[in-house]
Amino acid sequence: MSSSSKSNGVRAKSHSKNPKAIVLFSGGLDSTTCLYQAIQDGYSPIALSFDYNQKHKQELKSAKKITKLLEVPHLIQKLNPEFFQGSSLTEKKIKVPKNSLGHSEIPNTYVPGRNILFLSFGVSLAEGIGAQRLYIGVNALDYSGYPDCRPEFIKAYSDAIRIGTKTGSEGHPLEICTPLQFLDKKEIVLLGSKLGVPFSMTHSCYDPVGGKPCGKCDSCLLRKKGFQEAGVPEK
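Per the numbering used here, the very first residue in the sequence shown carries number 1034; after that it's consecutive.
If you are wondering where the hints come from, they were derived from the structure by calculation, not from laboratory data.
It is possible that part of the hints are untrue.
[Claimed, not checked] Label-pair ranges, simulated between beta-carbon atoms: (1) D1074 - F1154: 17 to 23 Å; (2) K1111 - I1162: 16 to 22 Å; (3) Q1261 - K1090: 25 to 31 Å.
[Claimed, not checked] Only pairs whose alpha carbons sit at most 35 Å apart, straight line, appear in this in silico DSBU-like list of lysine-lysine: (4) K1125 - K1111; (5) K1249 - K1125; (6) K1131 - K1268.
What you are looking at is a predicted structure, and each value in this text was computed from that prediction instead of being measured.
Glycine included, each C-beta is placed from N, C-alpha and C at the ideal position.
Could you put the whole structure together from the sequences, leaning on the hints where they help?
The following block contains the structure:
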């Protein structure tokens, strides 16, 4: 983890004196921007990914490539698929909606309790190793309407770990850091470009075909919108 990224932005230098941070890391555009932001903020990050029986593993493949590029530690926690039912991201019989961006109802790509569980694993790891921050790429503007991405959820969860952890009870609670919370996709792309995020290495599609983005799911449409509005190439 001592060498640098090949990009022109953030350099992934880690020193023992740097404070530690956990980054919940899927390998997508948002979480990769968070990882680069954590490094820019002066933290020595550990990337934490999850294998929860997703229909595809393209994001995890991207996560492995990006963490290898940056030479940051990368943990992949495998979770029992029984805990992640009822979502089109995990069940083959449920189809991922296409061209449905902007609908008011919460889409079936919502995975029950996903961020609650992911954050819980992150908190446990962070408190155990003495990390000061836990980064998560939730967003309340250009997103699919997931309730576990909203500011009120993050605030409530922060209150819970302040009350329910040793570090919190001693007056040094873990900080949940959400650098993308109030950015639209255009702004996220611009931030990622400034940080030197290797956009072509990230993967955002919910329903890839042959490893390539479908171009029609909510995530693909939001990503395309962000790059077009920012005037930044994906490659």
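Hints versus structure:
The hinted window of 17 to 23 Å between D1074 and F1154 holds, with their beta carbons roughly 22 Å apart. The beta-carbon spacing between K1111 and I1162, approximately 20 Å, falls within the hinted interval of 16 to 22 Å. For the pair Q1261 and K1090, the supplied restraint of 25 to 31 Å holds, since their beta-carbon distance comes to about 28 Å. Taken as a hint, the K1125 and K1111 pair is honoured in the structure, with Cα atoms around 19 Å apart against an allowance of 35 Å.
Distance hint between K1249 and K1125 is fulfilled; the C-alpha atoms sit about 18 Å from each other, no more than 35 Å. At roughly 24 Å between alpha-carbon atoms, K1131 and K1268 fall within 35 Å of each other, so this suggested pair holds.
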